[in-house]
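Visitor: So the chains spell out like this:
Number of protein chains: 2
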Amino acid sequence: MGLEIEKKFLIKDDSWKNQLTTGVYYRQGYISSHPDRVVRIRTIENMAYLTIKGKTMGAVRSEYEYEIPYEEAIEMLTQLCEKPLIEKIRYKLMYNNLLWEIDEFEAENKGLVVAEVELEDEFQPIDLPPWIGEEVTMQPKYYNASLIKNPFSSW
Amino acid sequence: MGLEIEKKFLIKDDSWKNQLTTGVYYRQGYISSHPDRVVRIRTIENMAYLTIKGKTMGAVRSEYEYEIPYEEAIEMLTQLCEKPLIEKIRYKLMYNNLLWEIDEFEAENKGLVVAEVELEDEFQPIDLPPWIGEEVTMQPKYYNASLIKNPFSSW
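Top line first, the protein sequences correspond to chains A and B.
All you need for my numbering is the position in the first sequence, starting with 1, plus 53.
All you need for my numbering is the position in the second sequence, starting with 1, plus 53.
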């Protein structure tokens with residue numbers, strides 16, 4: 054099984070932008086946004102992925118990801134996925150040997166910026182970067198699958 | 054896009070078994086059984102597939118199918134899919150140049166036998182075999198995804 058162990062945080066300020074990093078455009082939608090059985094279609098530039106995620110237990114979640122043809126992903130995003138779609142720019146940067154992914158949301162979720170760190174183990178100590186704010190791992194409203202039903206612009 | 058055009062029928066009698074045909078065991082479960090966005094995991098012997106199906110319009114439905122690793126399919130069937138799973142033996146036979154698939158259901162759906170024919174075009178004339186009974190294409194209770202919620206044994 055794929056296991057995804059990650060923690061999610063808000064951002065205190067824009068100082069993470071001082072590191073040289075280039076954002077990549079992500080577009081994604083949900084065929085199922087049920088929290089115990091998420092089915093996501095995602096495009097990253099000209100690549101596309103179908104991902105299935107199980108129930109989140111703390112910071113741990115089962116995850117299965119398959120690369121799929123880009124054209125089929127576009128069809129499913131347009132015709133099958135719940136609307137609105139999620140659009141975001143993802144930046145990746147290293148801080149003390151851990152990879153951080155920072156998502157700047159666009160469209161209905163513009164203004165929301167979230168940082169995620171993927172871990173080997175749920176109890177691994179994390180050296181938090183200075184620009185990290187409140188942890189929101191356990192708050193379902195920050196799940197991308199929740200942001201289609203209740204986008205940041207309506208909070 | 055994949056387009057699936059098929060019609061579904063009940064069976065009048067067992068005379069289809071006179072043709073030499075060997076059944077293959079199918080096991081499948083649903084990550085989403087929403088009729089407009091079905092996500093199915095299926096194993097056929099030691100092969101496994103992830104299939105996404107859109108809304109049915111008459112006999113036509115969009116379909117996207119991807120082969121996935123067998124072990125991951127088993128994990129998803131066991132841990133993520135709605136229960137009960139669908140188990141059936143599928144027989145394939147040709148009748149006047151059309152391929153018929155006959156599903157004999159097992160477990161909670163034992164006793165149900167359904168024949169499907171895949172078409173090139175919704176309005177293609179079909180030469181029905183003599184053992185074919187009532188057409189049930191438009192009856193949602195015969196969808197496999199419905200048979201997990203309302204199995205044949207409870208009809």
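Since the hints were derived computationally from the structure, they do not count as laboratory data.
Careful: at least some of the hints might be erroneous.
Copies of the same chain look alike in the list, so a pair counts if it works inside one copy or between any two.
Below, computed lysine-lysine pairings styled on DSBU-like, alpha-carbon distance capped at 30 Å [as the list claims (entries may be wrong)]:
1) K202 <-> K61
2) K70 <-> K108
3) K136 <-> K108
4) K202 <-> K108
5) K65 <-> K163
6) K60 <-> K108
Visitor: Would you mind marking each hint as holding or not holding in the structure?
Guide: Hints and how they fare:
no.	hint	result
1	K202 <-> K61	within (19 Å within a copy, 36 Å between copies)
2	K70 <-> K108	neither (33 Å within a copy, 44 Å between copies)
3	K136 <-> K108	both (22 Å within a copy, 16 Å between copies)
4	K202 <-> K108	both (18 Å within a copy, 21 Å between copies)
5	K65 <-> K163	within (16 Å within a copy, 59 Å between copies)
6	K60 <-> K108	within (15 Å within a copy, 36 Å between copies)
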